[in-house]
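S.K.: Residues per chain are reported as follows:
Number of protein chains: 2
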Amino acid sequence: MFLCSATGGGAHKFADVWEQELAIGMIKQDELDSLVAGMQFVLSTVVGECFTFRPKEDTKTDDRSMSEENANVNDTDMQQNFSCPIQSTLDSETDHEESNGSKVYTLDRWTRKVQRDTISYSSAYPYMLVTIGTGVSVLRVDGPRKHERVSGSTVGGGTFWGLMRLLTDVENFEDAMKLAEKGDPTKVDMMVGDIYGKNSDALEKLGLAADIVASSFGKLVSKEDPARGLTQEDLARALLSLVTNNIGQVAYLNAKLHKTPRIYFVGSFLRHNMISQRRLSYAIDYWSKGEMEALFLEHEGYFGALGAFLMTQNIENKADGFFQWKDHP
Amino acid sequence: MFLCSATGGGAHKFADVWEQELAIGMIKQDELDSLVAGMQFVLSTVVGECFTFRPKEDTKTDDRSMSEENANVNDTDMQQNFSCPIQSTLDSETDHEESNGSKVYTLDRWTRKVQRDTISYSSAYPYMLVTIGTGVSVLRVDGPRKHERVSGSTVGGGTFWGLMRLLTDVENFEDAMKLAEKGDPTKVDMMVGDIYGKNSDALEKLGLAADIVASSFGKLVSKEDPARGLTQEDLARALLSLVTNNIGQVAYLNAKLHKTPRIYFVGSFLRHNMISQRRLSYAIDYWSKGEMEALFLEHEGYFGALGAFLMTQNIENKADGFFQWKDHP
Numbered sequence: 001m002f003l004c005s006a007t008g009g010g011a012h013k014f015a016d017v018w019e020q021e022l023a024i025g026m027i028k029q030d031e032l033d034s035l036v037a038g039m040q041f042v043l044s045t046v047v048g049e050c051f052t053f054r055p056k057e058d059t060k061t062d063d064r065s066m067s068e069e070n071a072n073v074n075d076t077d078m079q080q081n082f083s084c085p086i087q088s089t090l091d092s093e094t095d096h097e098e099s100n101g102s103k104v105y106t107l108d109r110w111t112r113k114v115q116r117d118t119i120s121y122s123s124a125y126p127y128m129l130v131t132i133g134t135g136v137s138v139l140r141v142d143g144p145r146k147h148e149r150v151s152g153s154t155v156g157g158g159t160f161w162g163l164m165r166l167l168t169d170v171e172n173f174e175d176a177m178k179l180a181e182k183g184d185p186t187k188v189d190m191m192v193g194d195i196y197g198k199n200s201d202a203l204e205k206l207g208l209a210a211d212i213v214a215s216s217f218g219k220l221v222s223k224e225d226p227a228r229g230l231t232q233e234d235l236a237r238a239l240l241s242l243v244t245n246n247i248g249q250v251a252y253l254n255a256k257l258h259k260t261p262r263i264y265f266v267g268s269f270l271r272h273n274m275i276s277q278r279r280l281s282y283a284i285d286y287w288s289k290g291e292m293e294a295l296f297l298e299h300e301g302y303f304g305a306l307g308a309f310l311m312t313q314n315i316e317n318k319a320d321g322f323f324q325w326k327d328h329p
Numbered sequence: 001m002f003l004c005s006a007t008g009g010g011a012h013k014f015a016d017v018w019e020q021e022l023a024i025g026m027i028k029q030d031e032l033d034s035l036v037a038g039m040q041f042v043l044s045t046v047v048g049e050c051f052t053f054r055p056k057e058d059t060k061t062d063d064r065s066m067s068e069e070n071a072n073v074n075d076t077d078m079q080q081n082f083s084c085p086i087q088s089t090l091d092s093e094t095d096h097e098e099s100n101g102s103k104v105y106t107l108d109r110w111t112r113k114v115q116r117d118t119i120s121y122s123s124a125y126p127y128m129l130v131t132i133g134t135g136v137s138v139l140r141v142d143g144p145r146k147h148e149r150v151s152g153s154t155v156g157g158g159t160f161w162g163l164m165r166l167l168t169d170v171e172n173f174e175d176a177m178k179l180a181e182k183g184d185p186t187k188v189d190m191m192v193g194d195i196y197g198k199n200s201d202a203l204e205k206l207g208l209a210a211d212i213v214a215s216s217f218g219k220l221v222s223k224e225d226p227a228r229g230l231t232q233e234d235l236a237r238a239l240l241s242l243v244t245n246n247i248g249q250v251a252y253l254n255a256k257l258h259k260t261p262r263i264y265f266v267g268s269f270l271r272h273n274m275i276s277q278r279r280l281s282y283a284i285d286y287w288s289k290g291e292m293e294a295l296f297l298e299h300e301g302y303f304g305a306l307g308a309f310l311m312t313q314n315i316e317n318k319a320d321g322f323f324q325w326k327d328h329p
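Chains as they are written, first to last, in this note's numbering: chain F, 1 to 329; chain W, 1 to 329.
Think of the hints as simulated: they come from the structure by calculation, not from any bench. Keep in mind that the hints are not guaranteed to be accurate.
It does not matter which identical chain is meant; a pair holds if it fits inside one copy or across any two.
Think about it this way: if two alpha-carbon atoms lie no more than 20 angstroms apart in a straight line, the pair counts; the simulated SDA-like pairs of lysine to any residue are [said to hold, decoys possible]:
1) LYS56 - VAL150
2) LYS205 - LEU297
3) LYS256 - GLY152
4) LYS28 - ALA210
5) LYS13 - PHE2
6) LYS256 - GLN313
7) LYS259 - GLY10
Kindly generate the complete structure, drawing on both the sequences and the hints.
M.R.: In structure tokens form, the structure reads like this:
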């Protein structure tokens, strides 16, 4: 019988059907083992795989401690890809100086795609791996084939898409992303400034800016007709922000608990989803005061299948980052 | 001019109106200072203020290390107040034995209201205070008038109520709670068992039960008509679970970071909301493996106003827990 490896609960429950209807035997590979094996293989072998976003004017890209060992910076200004201004809902609209003299850039400038080098050296570990599919899993990775699911969230891609389908008539994820790019979330979310006014002493004491979100969808609490004046674009954007910020926060809190400066975000939710990638880059930098970095991978979404194949072929990842056939040294 | 203290951004922005229209001068008290002062006063002086929920059959109430100093147990079985069975979506439907021999109870038995004694001793600090209004603030409290806002979430009461108003025609929060009690969230949420099947080897390896939520609202992803077969009750319950679990997780991760076994949950979101109180009790116990406890207060929702009054009257909280007039020793 022809054999083929497969991973993921959605595939594994059809093993009998494969065998009975297609005469293909399924070699079931563990979902998270496959994901990590595939991701590590690509990270170790594909140049230009890994990237993050930084502010447009930021000059500090090269001297970040977490990348100084192997900085390989290849900036691509993505500004032209964003035709509409992106609302800043985590920091103030206006860039400002911190008390230590460093400049704080707001989200709408967080547009510069920056390449990060591959990781193949032992000092790269541990790192957090956040996989965002229908739900969210948070893994701590300590080395090749050494990983553990430490946390997760039920608020993931399925939450975004499930609620989008109830609230709008959009028919696919790509269209939802196009809608979200044009939306104004401040028509849906209650901003800190909506509660305190724009220039309040209380804000200074709280250390909060007027234009950060206080409550996702909170502006609809006191409107007479909650839907009035809202477009599908606004709802899409607010929903995307809710899910993205929440995943970022769960990832950040776990990274802080495990003391890991790198957080890799992968999974189908991030495909064609520049808004979430930029927001996660910004939010992780903002919350960690520049001590952590959100990282993304060009081939996200395919690591599970690749890893299942590699594991079935007995291809092992050596500690120095090179792969080889286990049975053919 | 008559003077009156007030707290909260929503009140403070009307200070001019008070003065011009009502000839009342507003003494603005800080929101979080007021909350903590009011809460500590009530905790130190009102017997029977503090409670949590435990499983119906649990006999371990008295020997919890966090309450052994001053256990004052007064159980009230709330089972009769819940006419419909509450779905277990964090653990399996069936109670089971852990490998260490202790019994794990499922959420549907988590119905016994248990009194916790007042805290007035120094070993009570630090603790986490989670205030759930429109948004969520997470404070670390280190002593009387010593507290810091360390985290928060935009997913709070405003998110629940804003989305409820878009998805249902319910007109007030109390009715929403009544709806939620009758809802079946498994018609809305994607369960782990929906992905892996009910009795999969993969589940055992993942350490997940078939009937925990994998993705909030995730079951609507693949349905042809996402709303078909859903009642307002189901939507209310799924939305309440999403918001409650998420707040619980953010609180738990922060408590773990700050190494505090006690988490107090207060705020208007919890009023008439036994589902969230029971779920938070269960979830914090479950995630922390019994090392942390979610605590609630009978007078939640009024601590800010009380604290603003106390602070304006110069009533100070002494370290031993007794209050006195600052100017009248």
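S.K.: Each hint should be assessed against the structure and marked as holding or not.
M.R.: Against the structure, the hints:
1. LYS56 - VAL150: neither (34 angstroms within a copy, 29 angstroms between copies)
2. LYS205 - LEU297: Neither: 39 angstroms inside a copy, 27 angstroms across copies.
3. LYS256 - GLY152: both (15 angstroms within a copy, 15 angstroms between copies)
4. LYS28 - ALA210: Between copies, since 19 angstroms is at most 20 angstroms while 51 angstroms is not.
5. LYS13 - PHE2: For LYS13 and PHE2, the Cα distance is within 20 angstroms only inside one copy (18 angstroms; across copies 72 angstroms).
6. LYS256 - GLN313: This pair counts as neither: shortest intra-copy Cα distance 36 angstroms, inter-copy 41 angstroms.
7. LYS259 - GLY10: Neither. Shortest intra-copy (33 angstroms) and inter-copy (38 angstroms) distances fail the 20 angstroms Cα cut-off.
Consistency note: the structure conflicts with the earlier hints numbered 1, 2, 6 and 7.
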